[in-house]
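Residues per chain, in single letters:
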Amino acid sequence: MSVVTVQLGQCGNQVGQELFDVISSDTNDAQRYRPSAQGKTYHACSQERFLNEEITGELSARAVLIDMEPKVIAQAMATAAKSGRWKYGDQSFFCQKQGSGNNWANGFCVHGPRHEEAVGDLVRREVERCDRLAGILSLMSVAGGTGSGVGTYVTQCLRDAYPHSFILNQLTWPYGTGEVIVQNYNSVLTLSRLYQCSDAILVHENDAVHRICAQLMNIKHISFSDVNKVIAHQLGSVLQPAHTADTHSQYSRNPMGELLSRLVCHPEYRLLSVCSIPHMSSSSLAYSAFTWPGLLKHLRQMLITSAKMEEGIDWQVRAPPVGQGTAEKLSGFNTSLANLLILRGKDVSSADTCGFLDPALYSPWLPAEGAISTWRSPLPFNKYEKSATLVSNSQSLLKPLDLMVGKAWNMFASRAYVHQYTKFGITEEDFLDSFTCLEQVISSYRHL
Amino acid sequence: MSTPRRNNGEGCDIAGGKIRCLKARAVLIDMEEGVVNEILQGPLRDVLTARSSSRRVGIRQQLGCGTQGVRLGVQGADCGEGTGSGLGSCVLNLLEEEFPDVCRFVTAVYPSAEDDVITSPYNSVLAMRELTEHADCVLPVENQSLVDIVNKIKHMAHTGKPGSVIKKDSTLISGQGGVSKSEKPFDAMNNIVANLLLNLTSSARFEGSLNMDLNEITMNLVPFPRLHYLVSSLTPLYTLADVNVPTRRLDQMFTDAFSKDHQLIRADPKHSLYLACALMVRGNVQVSDLRRNIERLKPSLPFISWNQEGWKTGLCSVPPVGHSHSLLALANNTCVKPTFIDLRERFTRLYRKKAHLHHYLHVEGMEQACFTEALSSLSSLIEEYSQLDATKNLLMPDAPRLNIAT
Ligand SMILES: Nc1nc2c(ncn2[C@@H]2O[C@H](COP(=O)(O)OP(=O)(O)OP(=O)(O)O)[C@@H](O)[C@H]2O)c(=O)[nH]1
Ligand SMILES: [Mg+2]
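Residue numbers (my numbering), protein chains in the order written: chain A, 313 to 760; chain B, 24 to 429.
No lab work stands behind these hints: they were computed from the structure. Check each hint, because a few of them may be wrong.
Quick list of in silico lysine to any residue cross-link-like pairs, SDA-like style, CA-CA up to 25 Å [stated by the list, open to error]:
| # | chain 1 | residue 1 | chain 2 | residue 2 |
| --- | --- | --- | --- | --- |
| 1 | B | K321 | A | A520 |
| 2 | A | K711 | B | P342 |
| 3 | A | K735 | B | P343 |
| 4 | A | K383 | B | K321 |
| 5 | A | K409 | A | T391 |
Pulled out of the complex, with its shape left as it was, chain A reads as follows (with noise of 0.2 Å):
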């Protein structure tokens, strides 16, 4: 089955490039390296999940790409022909002469409403050329106009148009400081609204993925690419082929499908994050060994405490005793609703997970039966001969989340900027419907 990438905005192509090269050769690899009928089967199904093979033999990626100004988009599609791997398929794209502004609300009503017909045929085209579609994937961040404004509108019409299909949305949230002033609105509003039409919410925070970059992987001066280059390989290592508990031997069908039932299964709560260990940089990874149970132990204590990377985690943090009502949850520990752990390398089958199956580190309310899945993969990704990633639906978010509600809110009673957005068809009311939506969220997964 087939996954069709819808990339909005300039984070969204940027990361969508990013995603698209890692597995690329991450696909090469396995079919270089691994010569046997497994390496064969894995470059078959992730081929067919994220590439098309054109007549001409060369292979383009089943994204469509969107933005409202030219030079991201022409950036991307030079730098992935560059790659002489894949390329992306040369009518795949819409742009215009000039951006959103940072405007969600210039994106939202003007820019998405105006191209809905061009943007719904290229997808559309996208999608019949899939034997069988597994989902939408939407990259995008929620700071500017763009990706954020346009992305929230055709996510909606994207949802009209396939009620039956998956849509995941990932999307990059912004740094704390520097780079758009009015990002907390512009997150409100994207994220409110996207509670309500995409399936799940795939979270990479820029200021986590930074720290990633700077204490991990040792880059001096990090650059979008280093950031983008972290969350790819996260992504990967989530959608490349793996097997489920139900698959045993063979590839799963429907990565997406599988993925959003095991995690969300309710509709309060949609957000998902995701952590990876290890990160490390290229010429490290030569000299470094990993066992399973060391590679485990640390994941698991990034989840309790919600960090993001294994550096600097608080070991002190412990699961409480079961039985013991939310209240009492000790300060500092992340409750978990579900949780998926995709498990890729050497003696994968012998990695023990029974550290994730402990059911005090899930709501009391859902059995802990259901609450934690394992995929594995025997193939090394992406290089590393051993890697662990998590995707979680908990509480991790919680705190970002409600920091950023919190700077929208201050700015909000004040009434700052707020003309910026009526002058487009956001209303004060608009506003605060989506101040509401989330502190349902926060709310919900507060009292996990």
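Starting from the known structure of chain A, arrange chain B with the ligands on it as the hints suggest.
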């Protein structure tokens, strides 16, 4: 719209290194022919068509051509003299009516107190009303600040401290119209304003890792519709001779942008209240340089409670000619208030005695109401700034959050 207008159909003719195939997207307006004709005969004659200087028709023609591409009108207006302030404001209305989506940026030149036009306070206040009601963004520039800057440069050139020779192509004396004696005094001053506009549009004209369109400036810097006066500062202004600027000098550039000496109006933003601030950097500067400098400067700059993180940044990789980097800082800051108060005082001094009023009132459509309305528009603008200023040293609690029944 970020490029000059290329005339279709004509072969490109760069004879003698001169540009002939590009036409400026500009309309020149004045009520006496002298100035416009002089420009049309000057070195710019090749990029301006004779038609550019006509009125209404010209504007529509320029803005109408390739409507897709045109999103923005940058306008320069003089707030003191008759044509600039009066006609300029009228053009602003016209633009708003005919091209409502076009972003209207205005650089308004404010006369100094010793201005030779006695009625300049009237003109300025009348123009201010239009600017407040109809422009999206105004970049006020005070003649006195320009004079101060030009004098300081002259002084540095003459004292000639060892090693402190003004570079031939520094911001101020690049191209024609430097500060040499034979120049008319306004040329050097205008050069500063021209550089302001160049830096303002550079991110839209060139590549960069953090692009910043002009409409992003209003979106990020204008929290309330009328409070759209942005104080600008330009660095380096006083470039001394050495090209390889080490990191310390780069950081110095950021420090300078917040000093009084570099503001294009006489104001002190550091001791007033910031509503928002944008840094538009050109040249070989990285995101990490930006972050480091923002972190460093932030503690000394008072920001309004709901916009403690009110920074917008743009990185354009192409520096101005002759520089390794440059910075344009735009601040929405309550420090514009004294300029406005000063203007109001000079206006009322004249108006109390009804001095020279008859010159205006015999013009058709001008009534005394225009004066009182313009004055109250200015007063309420001042009042709006004062109200924000009043929150400056107060510890504002977070707004109580919405309650959700659980
Ligand atoms: N991780 C990551 N974040 C990015 C990248 N590019 C931009 N961002 C973030 O995205 C936000 C800005 O949104 P953009 O995606 O640039 O905006 P846009 O969707 O193109 O919208 P407009 O430019 O306003 O029309 C900021 O929070 C940036 O930190 C990128 O390549 N990677
Ligand atoms: Mg953009």
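Results for each hint:
Among the hinted pairs, K321/B with A520/A is consistent with the structure: their alpha-carbon atoms are about 22 Å apart, no more than 25 Å. At most 25 Å may separate the alpha-carbon atoms for a hinted pair to count; K711/A and P342/B exceed this at roughly 41 Å. Restraint check for K735/A and P343/B: the C-alpha separation of about 35 Å exceeds 25 Å, so the hint is violated. Pair hint K383/A plus K321/B does not hold up; C-alpha atoms about 32 Å apart against a cutoff of 25 Å.
With a C-alpha separation of about 21 Å, the suggested pairing of K409/A with T391/A holds against the 25 Å cut-off.
The structure shown violates the earlier hints numbered 2, 3, 4.
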